[in-house]
Amino acid sequence: MKVQDHASAAAAFIADEPRTDWHDETLWWVRQKRDKAAHGLPEWEQLRSWASQIKDHTLSHLDHYLEEFEKNALANGVQVHWAEDGAAHNRIIHNIIRNHSIQRIVKSKSMLTEECHFNEYIREQGVEVVDTDLGERIVQFRNEPPSHIVLPAIHLKKQDVSETFHEHLQTEKGNNDPQYLTAAARVHLRDKFVHSELAITGVNFAVAETGAVVVCTNEGNADMGTHSARVHIACMGFEKIIPKAEHLSVFLRLLARSATGQPITTYSSIFRKPRPGQEMHIVIVDNGRSRQLGRPDFRNSLKCIRCAACFNTCPVYRRSGGHSYHTAVAGPIGSILNPNLDMKANADLPFASTLCGSCSNVCPVKIDIHEQLWKWRQVLVKEGYVAPAKKLGLQGMAWLLAHPAVYRLAGKTGRWVMRRMPFLVNNRLNPWYKQREMPTPPAQSFRDWYLKNRKS
Amino acid sequence: MKVALFVPCYIDQFYPGVAVATMELLEKLGCTVTFPMNQTCCGQPMANSGFASASAGCDKNFIASFRDAEYIVGPSGSCVLHIKEHLHHHEEEAAATKIRQGIYELTEFLTDVLQVKELPARFPHRVGLHNSCHGQRGLHLSSMSERVLPSYSKPEQLLQMVEGIELLKPKRVDECCGFGGTFCVFEEAVSVKMGKDRVQEHEDNAVDFITGVDMSCLMHLDGILRRKQSRTRAIHIAEILNANIR
Ligand code: SF4
Chain A
-13 MKVQDHASAA AAFIADEPRT DWHDETLWWV RQKRDKAAHG LPEWEQLRSW ASQIKDHTLS
47 HLDHYLEEFE KNALANGVQV HWAEDGAAHN RIIHNIIRNH SIQRIVKSKS MLTEECHFNE
107 YIREQGVEVV DTDLGERIVQ FRNEPPSHIV LPAIHLKKQD VSETFHEHLQ TEKGNNDPQY
167 LTAAARVHLR DKFVHSELAI TGVNFAVAET GAVVVCTNEG NADMGTHSAR VHIACMGFEK
227 IIPKAEHLSV FLRLLARSAT GQPITTYSSI FRKPRPGQEM HIVIVDNGRS RQLGRPDFRN
287 SLKCIRCAAC FNTCPVYRRS GGHSYHTAVA GPIGSILNPN LDMKANADLP FASTLCGSCS
347 NVCPVKIDIH EQLWKWRQVL VKEGYVAPAK KLGLQGMAWL LAHPAVYRLA GKTGRWVMRR
407 MPFLVNNRLN PWYKQREMPT PPAQSFRDWY LKNRKS
Chain B
509 MKVALFVPCY IDQFYPGVAV ATMELLEKLG CTVTFPMNQT CCGQPMANSG FASASAGCDK
569 NFIASFRDAE YIVGPSGSCV LHIKEHLHHH EEEAAATKIR QGIYELTEFL TDVLQVKELP
629 ARFPHRVGLH NSCHGQRGLH LSSMSERVLP SYSKPEQLLQ MVEGIELLKP KRVDECCGFG
689 GTFCVFEEAV SVKMGKDRVQ EHEDNAVDFI TGVDMSCLMH LDGILRRKQS RTRAIHIAEI
749 LNANIR
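Read top to bottom, the protein sequences are chains A and B. Note that our numbering has the first sequence beginning at -13, numbered continuously upward. Note that our numbering has the second sequence beginning at 509, numbered continuously upward.
One should not assume that every hint holds.
Said to hold, decoys possible - Lysine-lysine pairs mimicking DSSO-like chemistry, simulated, CA-CA at most 30 Å apart:
#1 B:LYS736 x A:LYS398
#2 B:LYS679 x B:LYS736
#3 B:LYS679 x A:LYS420
#4 A:LYS368 x B:LYS606
#5 A:LYS361 x B:LYS606
#6 B:LYS568 x A:LYS376
#7 B:LYS704 x B:LYS677
Said to hold, decoys possible - To be clear about the criterion: a stretch of chain B counts as covered by chain A if any three or more of its residues have a C-beta under 8 Å from a C-beta of chain A, and this derived list gives those stretches:
#8 515 to 522
#9 727 to 738
To be verified - Reference excerpt, derived from the structure (chain B facing chain A, CB under 10 Å, subset only):
#10 GLY551
#11 PRO553
#12 MET554
#13 ASN556
#14 GLY565
#15 CYS566
#16 SER573
#17 GLN644
#18 LYS704
#19 ASP705
If you're looking for bench data, these hints aren't it; they were derived computationally from the structure. Note that the Cβ used here is the ideal one computed from N, Cα and C, for glycine as well.
Bound-form chain B, shown alone (with noise of 0.2 Å):
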């Protein structure tokens, strides 16, 4: 199966390890994996800020490069989300909506494209899941606490397959991060409170580490669990499903 690579430009710049692990993780599962070199942005900053009208350029740059894809995969729940939703270019319509209807974020491609039902991983650790709401309310990578509904987790699917791992839930099982883009900065307070929150229940389970699909949650609470000097990290779903820790 022939897939490209959508590396989120926060990911590409900080978080390179994430995306690595997605393309060999693909690539041991079968996949032809191809990484369009220009691609820089899926314009959600801008969006969310209210800039939806400015990101054109940006709109057109992604287009030009995932255009003639089958499959486009991207470890963000939040960046997939926010393509799927909003991609148009009255330029590019035909274009943009066969994008739209062809991106899958990681864990929905691996769960409902591939449909793995092994993985060859292995994670000796006490891990965290964190659900991130655009890819669990936008995404419905797993049912939420608000909805009577049958309940699931794709994320988690994929977890159970890990030898080895130990998979622990916080209290409140699907609250916000308080990231939220820039809202992190524009209502630091707030996403601050939000953030320590989230990483107290985890503390208290005892994880070494806490993930989740979308490395900004976790970027958030990465940095604030250095800033307190604490021994549990944040690391990215796709880093545990491609590991091999013997």
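Just chain A, same shape as in the assembly (with noise of 0.2 Å):
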């Protein structure tokens, strides 16, 4: 199936306009719960310059750092795989779990394992894994990515749960009541915890010094995972690694704010050594980072804490939804991690912005998103990922105004045409009207203006 461009994709999101505002809405509600956290910190400012700078550092000496990690974390009993790529990724969890023969698994939140298409690959090997975050597993019952990397079901309303719930869990039918929801998830991932046998989970940050994971959950489905289970598998892009312990505080207090507006997340869970009798494996991915390491222009979008705050302020995410991205990390930050993954693929998304700013401005790690969107639309345009049609006539606009004769002209008969002749531009082959009316052009330009008035 060919995969529709962002605008296209959008164009079908907003076609339902109620249904965009709630979108929009509800996530505007989110980003103001953040301002209201972050304008309760005096420090914020501070803070963000912290963590960018530590990020910055650790970025510059990542080898250093993840040799000291896997040094740790293995005088920790810990088993560190390396893989180069995503496939590589899903061949280490699934060879751990052939070398157990384990059936029951359970998976926390990671981006990560929707950025190497774990579920779809596990499935194929004949082997089911539960997403038990609870946004998680209403999109993998519908067979959906997720659309947003903190509120995974944020494009679905709750009659839409329901009908997913009735179909999959047998809940009554039409009873949207989120609360009867809840409970029946709640049952049924209880049942799930309860007889794990393997448990894989993200990794928020790793701590370099002690060879610890964390990671951050609102639902504690981590930590109810991997309690019961034999196995923890924790999955890591190797940007998550932090040199201290102490630069926690500095990042635990950004994240959930950003996020979601809290003070602190409710389970933030340090994972250091298996318990005795557990087998723990940290996997350390690249797939992709190194190169994109290795673009001047784009490094430091490996900054990323993954708060999504940049998604819910973002005006555009917000009225065209996490799946017109068609990437497992949507919103400006996919926009610039993804052209990355597969420039051909992603040659829209850089596009889908208007350069407003605002997510460089509400990130916590100070990512300079907007300016990177810049960036890669140039390098798009170089690699001659742009359609033709477009770059034909953004050459010919350039060549007329490099030409003051020229571009006179082309104004003058332009508005010329524009009063004398309007339907041919007031017609559906212009997108500009299809919506808006076009300015009413005026028999003379400034400069004619300026001659007669001021030059005489």
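With the hints as a guide, dock the two chains, each given alone in a separate frame, to form the complex.
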């Protein structure tokens, strides 16, 4: 199936305007909660600077910190695996599962496993993995990817959830009561937790000096999964590393406030060593990150702590929905990460922005997101990933604007045509005119006025 | 004070009144204003579409027009920001640097360079202020809701000097209007939806006018207002600051 580009998918999303308004307002409400939390801390901007500096420092000494982390994790009795890409990541996990011949597997939220398309892969291997984050479970039932990295099912309303649960959990048809539905999910997931033999989790931070990984969830599902499982596999992109445990005091404060406006995530669990009898693995994944690290203009996108504040603030994301970005990580940050993974397939994403700059200013680690969007556009044009008609149009425009006399003639002719033959412009071939009036063309330009009124 | 007026191409062609107001206002405030006659465009439409590499001719023309100017003032936050951030030319780097440092958006020129404390303006209407993103987040014409920093607004400071004006803010004080350059046609659906939402919040305040520092955002909002036959109109801030309706 051909993937729709962002503009067409967004148009389809917006066609249901009440739903779009609901989506926009719900996420704007999260953004406002974040504002309140941020404004409650006079040292907010200081925290952002520290977070940004710690990440910058870490990214420029990544080899050192990754080795330190591995050494300490091994000393803690954890098995460390290195995966160069998504396929290797999936294979490594599959091997661990096979070696233990384990059937009951739970997974808490991990955007990395989404990025590696782990769910599809493992299903093809005939293994069932149950997502235990409520939102992720809902989209997993529906066979959809998450539409938001923190709120995976934010594109769905309670009616949709009710239908899904009716189909998969045999809840009452038409009962949309959120409490009833969550209770059903709770019973369903409790059973999965109790019998889980292997738990996969993501990683929010990996502390080099201790070899520990930190997992933040509001539902406690990572903890419930790992507590009963014989095997714990934690998966992380290599940029999750931070040098010291004390740096968590910066990142945990920023993460929760930026993500949901909470002062602290409900569960911030530090996993350092396996419990007696348990086996613990950490899979460290590259999957294009080295390449991104090698791009001076884009390397600092790897500072991202996946808080999704840039999603919630983005006026385009709120009105187009996560699926319109056709990638695991949507939103503004996804639009600067995904061209690195596949430039051709994701060439539309850096253009899905007005460059308003809200994302860069909301970002807790100060990634210059909107400037990178601009820079990706230059790269994509240079590499030839822009439609020929657009290329021709913009090159023609550039030529015209480089020649003042031609520009003046074109302006004059254009205005004349618009005044005498408005139907040439005011028609359905003009995307401006579809829902907006054109400006009323004046008889004279400013230059004409200036010649008459100031030059003589 | 000598000022070279930078009139963005679409203002020259479609909104000459905005440029006239800018010129008259600067003259009223004691500036000697000239308009370099061969100017065309700042190059932003190409650059924001990924074609910065194609705009060398346009950049060269801009440099030729403004190389001797001490102060360059333009009534458009977004075009001024583009020049400040991206004007370069391999043969003319010194001149380009001088221009990048000497260019001002109108309201920042009024508050920071001329340090205007009062204006001979009167505009007895209800006016909604639209914060254009490039002026706000790029040129820092005002503080923004994302950051935890002291709040201020240069456009608002000036509008408050206008007699009879009643200034109103929309619910979301600084959300983007969705114009976004070529975004407005390549992402037509999102662009229009964003614009409709901005317009609605201003209409909820029953304003007569929506104003701002960027005519491009206002052109987009005005297009939507006129399509829905609203009684609200868009008007550039220069036209209000230069107004003297008795
Ligand atoms: S880019 Fe910044 S705001 Fe966006 S998810 Fe990452 S850390 Fe959060």
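Problem set entry | Numbers of unmet hints, in rising order | none
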